[in-house]
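Sequence order for the protein chains is A and B. Read in the working numbering, the first sequence has 36 at position 36, and its numbers run on one by one without any break. Read in the working numbering, the second sequence has 544 at position 544, and its numbers run on one by one without any break.
Possibly wrong hints are sitting among the right ones.
[As the list claims (entries may be wrong)] These stretches of chain A come out as covered by chain B in the derived footprint (C-beta under 8 Å, 3 or more residues):
| id | region |
| --- | --- |
| 1 | 9–15 |
| 2 | 80–88 |
| 3 | 127–137 |
| 4 | 150–160 |
[As the list claims (entries may be wrong)] Cβ-Cβ distance ranges computed for the label pairs, FRET-style:
| id | chain 1 | residue 1 | chain 2 | residue 2 | range |
| --- | --- | --- | --- | --- | --- |
| 5 | A | P68 | B | E586 | 32 to 40 Å |
| 6 | A | R24 | B | E266 | 53 to 61 Å |
| 7 | A | R59 | B | G94 | 40 to 48 Å |
[What the hints assert, rightly or not] Here are the simulated BS3-like pairs of lysine-lysine, each with C-alpha atoms no more than 27 Å apart in a straight line:
| id | chain 1 | residue 1 | chain 2 | residue 2 |
| --- | --- | --- | --- | --- |
| 8 | B | K585 | A | K117 |
| 9 | A | K38 | B | K269 |
| 10 | B | K66 | B | K619 |
| 11 | A | K38 | B | K406 |
| 12 | B | K7 | B | K20 |
| 13 | B | K20 | B | K62 |
| 14 | B | K269 | B | K66 |
| 15 | A | K222 | A | K78 |
| 16 | B | K199 | B | K269 |
| 17 | B | K406 | A | K117 |
| 18 | B | K406 | B | K422 |
| 19 | B | K62 | B | K25 |
Keep in mind the hints are simulated off the structure, nothing from the lab. Every value quoted in this text rests on a predicted model; they were computed, and no experiment measured them. For each residue, glycine too, the CB sits at the ideal point set by N, CA and C.
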Amino acid sequence: MTARIGVVTFPGTLDDRDALRAVRLAGAEPVSLWHRDKGLHQVDAVVLAGGFSYGDYLRAGAISRFSPVMETVITEAKAGMPVLGICNGFQILTEAHLLPGAMLRNNHLHFICRDQKLRVENAETSWTSDYSAGQEISVPLKNMDGRYTADEHTLDELEAEGRVAFRYLDGNPNGSLRDIAGITNAAGNVVGLMPHPEHAVEPLVGTGRTDGLGFFTSIIKKLVNA
Amino acid sequence: MSLDTVKHAAETPDTGQPWKELGLKEDEYARIREILGRRPTGAELAMYSVMWSEHCSYKSSKVHLKQFGEKVPANDAMLVGIGENAGVVDVGQGYAVTFKVESHNHPSYIEPYQGAATGVGGIVRDILAMGARPVAVVDPLRFGAADHPDTRRVLPGVVAGIGGYGNCLGLPNIGGEVVFDECYQGNPLVNAGCIGVMKHEDIHLAKASGPGNKVILYGARTGGDGIGGVSVLASETFESTGPAKRPAVQVGDPFQEKLLIECTLEIFKEKLVAGIQDLGGAGLSCATSELASAGSGGMRVELDTVPLRDSSLSPEEILMSESQERMCAIVEPQHVDRFLEICEKWDVIATVIGEVTEGSQLEIFWHGEQIVDVPPRSVAHEGPTYHRPFARPSCQDALQADDAGKLARPADGAELREQVLKLVASPNQASKSWITDQYDRFVQGNTVLAMPEDAGMVRIDEESNLGVAMATDGNGRYAKLDPYTGAQLALAESYRNVAASGARPLAISDCLNFGSPEDPDVMWQFAEATRGLADGCLELGTPVTGGNVSLYNQTGETAIHPTPVVAVLGVIDDVTRRTPVAFAKEGQLLYLLGDTHEEFGGSAWSEVIHRHLGGMPPKVDLSREKLLGEILISASRDGMIDAAHDLSDGGLIQAVTESCLRGGKGARLVVPDGLDAFTFLFSESAGRAVVSVPRSEELRFTDMCGARALPVTRIGVVDGEEIEVQGEFSIALGELRTAHEGTLKGLFA
Chain A
1 MTARIGVVTF PGTLDDRDAL RAVRLAGAEP VSLWHRDKGL HQVDAVVLAG GFSYGDYLRA
61 GAISRFSPVM ETVITEAKAG MPVLGICNGF QILTEAHLLP GAMLRNNHLH FICRDQKLRV
121 ENAETSWTSD YSAGQEISVP LKNMDGRYTA DEHTLDELEA EGRVAFRYLD GNPNGSLRDI
181 AGITNAAGNV VGLMPHPEHA VEPLVGTGRT DGLGFFTSII KKLVNA
Chain B
1 MSLDTVKHAA ETPDTGQPWK ELGLKEDEYA RIREILGRRP TGAELAMYSV MWSEHCSYKS
61 SKVHLKQFGE KVPANDAMLV GIGENAGVVD VGQGYAVTFK VESHNHPSYI EPYQGAATGV
121 GGIVRDILAM GARPVAVVDP LRFGAADHPD TRRVLPGVVA GIGGYGNCLG LPNIGGEVVF
181 DECYQGNPLV NAGCIGVMKH EDIHLAKASG PGNKVILYGA RTGGDGIGGV SVLASETFES
241 TGPAKRPAVQ VGDPFQEKLL IECTLEIFKE KLVAGIQDLG GAGLSCATSE LASAGSGGMR
301 VELDTVPLRD SSLSPEEILM SESQERMCAI VEPQHVDRFL EICEKWDVIA TVIGEVTEGS
361 QLEIFWHGEQ IVDVPPRSVA HEGPTYHRPF ARPSCQDALQ ADDAGKLARP ADGAELREQV
421 LKLVASPNQA SKSWITDQYD RFVQGNTVLA MPEDAGMVRI DEESNLGVAM ATDGNGRYAK
481 LDPYTGAQLA LAESYRNVAA SGARPLAISD CLNFGSPEDP DVMWQFAEAT RGLADGCLEL
541 GTPVTGGNVS LYNQTGETAI HPTPVVAVLG VIDDVTRRTP VAFAKEGQLL YLLGDTHEEF
601 GGSAWSEVIH RHLGGMPPKV DLSREKLLGE ILISASRDGM IDAAHDLSDG GLIQAVTESC
661 LRGGKGARLV VPDGLDAFTF LFSESAGRAV VSVPRSEELR FTDMCGARAL PVTRIGVVDG
721 EEIEVQGEFS IALGELRTAH EGTLKGLFA
C-alpha cells in the first residue's frame, strides 16, 4: 500500500507545493487539503506547510489555528495521527496547543534565509526515525518569527522527556532558547520545526542537499509498516 | 461640492481648473479641451493628468524608445512584444516566459519600506496579467554612499520592504545587484524584475472587446493611498523644500496579493477572461482607458460600485488612486458567476463595475450621472510626444580626457596585495549576503541558481528539466563616461552572465534610469544610451521585449549617473547542466577566455583606490561576446567546465576571489606572458570569463576554443587554502573572506 499524506493550504501558505513534491519524491501519495474543508480525505498523516498564512496578521499562525480543517487536525492528532508542522506550520501547532511554547520575532529583527545545520536530538518520532540520534543535517532556514520560546519549566520538561527534536548547530540563527529548532509532543506523532526539510529533497535545487528527505521516508515507513 | 458632470462641464466652459497642480502643462490642458470640444470634467482632468504624466505616457522618451521596435533582430522566440503589460518569449516545449523590469525609485526614497514593497507587487501583477504564474523575482538596487547616514535609513528599509513583500508572496528572489555611489544619494534606484511562466495557449492580453462583456474589478478595496503617484512622484524633480509627498506612496498588502495570484491563476485555468489588466500606476484611469483603447473602444463604468476603504473618496480620487493588489478583467456574461465563485473561494472581493459597449467612448458614471465621456485612445495611447532638445554636455570631453591609465599603479607585490584586499572589501565589491539572506531564495522548490551566482536560474519543468535564467546589470560609471558604450556594456555583461550559467540568452527587458528630460545633457545621455542598447540588441540577436523608463532622478540640478539596467533572459534545456561560479574541485585548471587590455576607465580599481571617474569605459565587441557566450554554453552542455565566472567590475581578481570563497578552495595564478600583474588582476576589459576545467576535459575544451578562434589562456589551478599570484603575493582565504564578507554587516547590521 502507499501512504496518503495530506498538505494543508491556508490562505497565504507558500510551501505547500514544495511539501507535496517532497511527499511524492519520498514515495507517498500527496493529497492537497483546503483550509475551509473539515474533511481530511482519508490521509494517513498531515503536513502543515510553511508560508505566511493570513499574512501573519495578529500573530503567525493565530488565525489559521481556528480554520475548519484544524478542528479535524487537532482531534486526529490527539488520537495519534502523525502531523508535521514546518515553519508557519510549527507556529500553527503551537497556537493550536498541540505543541508547547511560541515563536517570537528573530532577535536580530531581520528575515533570515540560509542553509542551517541541525542536530537530530530525537530519532524516535514518527517523522525522524530514518535519522540517527545525534546525526547532523543541513536544511534551509527562512523566517522572520523563528525564535522559540517557552517558560523555564516547560523547557526543562522538554529536555527531560527528550522532546527537543532538533537543535541549531554552528550558531543560533534567531535567539531560540536552548538552541531549539524543533520539538515533538510526548507521543512522538506531532513534530514541529522552523527549518524546511521539504526544501532539501533534491540534489538539483535549493542548497543541493537531500538531508530533508528523511522526514518523509520516516513517516512512510511507519505508515506502511503499521 | 457639487458633482462636475459632463453636462455641467459643457455648460461652464470658463470654470478654472487645477491642471497645473495636477502636473499638466498649459498646452497639454489646451489639447484636452480641443479633443473633448469642451473643458474636461474634474474626473476627466484627473484621468488625463495621470495618463499623460511622464511615467505613463513616456512623452519625453518615446521618440527614442521607438528604435527598440525598429531595430529588431530576427528572433523567432518573440511571442508578444513591447506595448503589453510585459513581453513574452517562446522557450520551447510549449512554454512561454514573460518577464520585465520596472522602477519604483521615487516612492522608495520617500518611504523606503512601502516604496520597495509595492515595487515588487506591481511588477508581479504585470507578469500575472499576461496569464503567467510568477516564478521568481530579481532586484537591481542602487544607493548613495555606503557610509552616508541617509543610506542607513534608505537601504535597510528597501531591503526589508522587498523581503517583507516578496517573501510573503512565495516568490524566490534569485538575483539582482546592489551598487553604491554618491550620485544616488537623493535618488536611490529601486528596480524590480519578475519572471512568469505559462503555456503558449494561456497568454492573455490587456484588451476589452465584445460588447456586453462585463468589466470586473477584483482584489483589494480602493483607498486614498498613492493618489498622484505617477504624476507627482515619478514625473518631477524632488526639491528639498515643499510639502511632504508621503501620501503619494502606496501601501502594500502582500497577503492580499498572494490570494490575488492564486485566484487569478485558477480563473485563467478555467479560461474565464477575455482580457485582463493589473492596476498599477494611475490605477483605474489606466486600467479602464487602456483596456478600452486596446479593444473596440466602448466601455461604460459605474464608478460608485467600486468597493472602497474610505467612503468619503471623490470620483476623481477613486480614478487616480494607486491602491495596490487590484486587477481588472473583461469577462463574457456566461462566465461571470463562475468568476465570482472562484474569487469567493480565495476571499477576494470582486465586483462587476461596468461593461464593454458598442460605441467608441469610455463613459464613466457616478450614481447615474455621467462624469467621463472620452475617446479612450486619447487618454491611453495618444498622449503628448516631446522632442526634447539634447546636446552633448560641455564637460564630456574633459571627462573622457581624464584618462584612468595615468593613475598611480601599485609598485610591487605588497602593494598589489593591499589593493586587492581593499577592492574586495569595498562596498560595491563586497559580499551582498547580508542583504540577500533577507530574501527567500528557496520557496517553490525550483531554484537551481541564486545570488551570488552570475545569473539566477529556475527549473520550469520537473520532467524535462527545462529552465530559465536571468541576470541584471548596469554600470552608471561606464555610462557616465560614454552612455552609448555604457548601455552596450550593461547589455554585454548581462548577456555574459546568463551564458556563464549555461543558458542561452533569448531576449531582454530594460529599466532606463536617468535625470530630468528637461536638461539637454540628460536627454543626450538618454538618446545615446537607447541608441547603444538598440544597436547592441540588434547585433546580439536579443530583442527588447519591454521595460520601463524612470526620469527625473535628480536632486536640484544634479542628475544621477545615466543608469540603464539590462535584464537578459536565457533558456537552458537541461538545468542539471548549469554552471555555478564556485571553484570547488582541487586540481582543476583555470582558463581565462578573451583578451585583456589596459582598460581602467570607470573601473572599480580607479574608484576604490583613487576615487576617480574619468577616461573611456572598456571597449565593446559584441561579436566577441556572442562567441564567448557560445563557448560557455557548449562547454556547459557537454560537461567540459565545472565552474565559470564572468569578468566585469573589479576584473579578474574579483571574480577569482568570489569563485574561491564560494567553493571554499584556493587558487594558484600565474601572470600570463605579455601582461603585467596589475593589468591581469584589475583590468575590466569586456568579453571575458574565467572557467574551471577538469584535467580530463582540458584538451577538448582548448581545442574547441582554438577551432572557434576564442583566445584562451591557462592562468592557474584550483589549489590550497589561499589565492597566490606567483611571484607577487598570496592571501589566505580566511583573510579574504573576512575582508569580503564583513563590510555590509559592519555598515548596516
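Structure-based check of all given hints:
Here the region 9–15 of chain A counts 4 residues with a CB under 8 Å from a CB of chain B, which clears the bar of 3, and the coverage holds. Counting residues of the region 80–88 of chain A whose beta-carbon sits less than 8 Å from any beta-carbon of chain B gives 0, not enough to reach three: the coverage restraint is violated. With a cut-off of 8 Å between beta carbons, the region 127–137 of chain A has 0 residues touching chain B; three or more are needed, and the interface restraint is violated. With 0 residues carrying a beta carbon less than 8 Å from a beta carbon of chain B, the region 150–160 of chain A misses the three-residue requirement, and the given coverage is violated.
Taking 32 to 40 Å as the suggested C-beta distance range, the pair P68(A) and E586(B) does not conform, at roughly 57 Å. Range check, R24(A) to E266(B): Cβ separation about 21 Å, and the 53 to 61 Å hint is violated. The supplied range of 40 to 48 Å is met by R59(A) and G94(B), whose beta-carbon atoms lie about 44 Å from each other. The straight-line distance between the Cα atoms of K585(B) and K117(A) is roughly 23 Å, inside the 27 Å bound, and the hint therefore holds.
For the hint linking K38(A) to K269(B), the alpha-carbon distance of about 25 Å falls within 27 Å, and the restraint holds. Restraint check: the Cα-Cα separation between K66(B) and K619(B) comes to about 26 Å, which is no more than 27 Å; the hinted pair holds. A C-alpha spacing of about 75 Å is found between K38(A) and K406(B), which places the hinted pair above 27 Å, so the restraint is violated. For the suggested pair K7(B) and K20(B), the alpha carbons sit about 23 Å apart, so the restraint of at most 27 Å is met.
For the suggested pair K20(B) and K62(B), the alpha carbons sit about 23 Å apart, so the restraint of at most 27 Å is met. Pair hint K269(B) plus K66(B) does not hold up; C-alpha atoms about 35 Å apart against a cutoff of 27 Å. Taking the CA atoms of K222(A) and K78(A), the gap is near 18 Å; set against the 27 Å cutoff, the hint holds. The straight-line distance between the Cα atoms of K199(B) and K269(B) is roughly 11 Å, inside the 27 Å bound, and the hint therefore holds.
Distance restraint check for K406(B) and K117(A): the Cα-Cα separation of roughly 50 Å exceeds the 27 Å cut-off, and the hinted pair is therefore not satisfied. At roughly 20 Å between alpha-carbon atoms, K406(B) and K422(B) fall within 27 Å of each other, so this suggested pair holds. Our distance criterion of 27 Å between C-alpha atoms is met by K62(B) and K25(B), whose separation comes to about 18 Å.
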